[in-house]
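Residue numbers (this note's numbering), protein chains in the order written: chain A, 92 to 200; chain B, 23 to 247.
A few of these clues could be false.
[As the list claims (entries may be wrong)] Capping the alpha-carbon separation at 27 Å, the derived lysine-lysine pairs in DSSO-like fashion look like this: (1) K96/A <-> K81/B; (2) K96/A <-> K112/A; (3) K107/A <-> K224/B; (4) K226/B <-> K107/A; (5) K96/A <-> K226/B.
Just so you know, the hints here were simulated from the structure itself, not pulled from any lab data.
Here's the letter readout for the chains.
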Amino acid sequence: MKSRKQQIRRVEEAFKAAYRKKAEIPLGPAWENHVMRAVRGLSVPSPKKYFDFEGFGHLVWRFTAATCFFALVLMVYAIISEQGTASEVTRLFFEDPLGVDMVHSLGII
Amino acid sequence: MVTLLCGAVLSGIIAIQRWQHKEPQVSITVHQAEEPSDDAIIRRVVSGDVNAFEILLRKYRSLVFGIVMKHVPHESAEEVAQDVFVRVYQSLPSYAAKGSFSAWLTTLAVRSCYDFWRNHERNREVPLSSLTEEHQKWLDEVLAPRSREAFREQSARQEGEEVLRYALERLSAEDRMVLSLVHLEGLSVREAASLLDWGMVKTKVRAHRARREMRRIILELIAER
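Take the sequences, apply the hints, and build the full model.
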């Protein structure tokens with residue numbers, strides 16, 4: 092078992108050495124010209140058009156926990172306090188005990 | 023107490039005298055051909071001087087190639103390096119001189135390599151390569167007890183690179199990148215997280231899993247011999 096671990100470690104070390112070995116590709120002006128041609132084909136980068144999606148994503152995730160907590164608190168509050176006008180209207184709408192519709196209950200007609 | 027006080031006063035006087043008799047520093051001004059700073063070049067590019075981008079391209083191509091060559095196959099390096107510079111050009115307005123330009127460029131280069139592997143994974147049609155007899159021989163020689171110097175020489179051979187490539191091919195794009203950065207390149211988890219734009223916990227967990235997976239692959243390679 093110990094020797095297996097040693098063998099794995101040895102291969103890992105060999106991989107590190109192989110990874111660090113520098114390989115080089117001779118870069119000629121042709122490659123540079125190719126890149127510059129691609130760049131010239133693009134429009135000039137404008138700060139106005141740019142929208143930082145990554146930054147926005149970070150911002151959203153940063154507030155996720157707080158938003159969830161707030162939603163939970165609201166839910167608990169809604170369950171506990173059922174005397175609100177909205178819940179009364181909702182109950183009336185769903186139960187409709189006297190055969191009146193919502194429009195009547197709100198006194199519109 | 024008095025001795026201490028006297029000592030302190032005396033050392034203070036000596037320090038003041040030394041400061042007063044300090045030799046004037048000779049300032050040598052070396053006149054060098056002034057190269058525009060990165061920020062100045064970036065401002066020129068953003069204001070519409072596309073040709074100024076060539077200065078950045080020439081200055082940083084070795085840095086970008088150095089990174090790209092480590093992460094993607096050599097035959098794709100030129101293409102990925104080009105993508106990096108196109109990405110840099112398009113993202114220049116977002117750079118805004120927050121840190122050093124080379125650090126920002128490094129991040130973009132690493133992320134381009136990561137994107138390369140994600141696309142590669144999605145469009146993989148070619149079956150994974152297999153090890154040849156030469157590779158098996160390399161593995162045998164690595165595992166044979168030798169001197170440190172001989173081991174190093176053996177490891178750095180072409181076959182070593184190919185076996186590593188074979189093993190990395192079996193990992194997912196995420197595992198591959200994090201393993202390369204943390205375990206092969208020796209970056210800290212924080213540095214790798216920043217380069218990949220991942221959280222610290224995700225990077226740590228991924229690095230651990232990737233290493234476990236790599237060890238499983240190595241074990242398979244050893245067993246296959």
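Next pair to validate is K226/B with K107/A; report whether the Cα-Cα distance is within 27 Å. 19 Å, holds
Holds or violated: K96/A with K81/B, Cα cutoff 27 Å? Not satisfied, since the Cα-Cα distance of roughly 44 Å exceeds 27 Å.
Would you check the hint for K96/A and K112/A, treating anything up to 27 Å between C-alpha atoms as holding? Holds, because 25 Å separates the two Cα atoms, which is no more than 27 Å.
What's the verdict on K107/A and K224/B, does the C-alpha distance respect the 27 Å limit or exceed it? 23 Å, holds
Against the 27 Å threshold, does the CA-CA distance of K96/A and K226/B hold or violate the hint? 22 Å, holds
Hint 1 alone, counting from the list given before, is not met by this structure.
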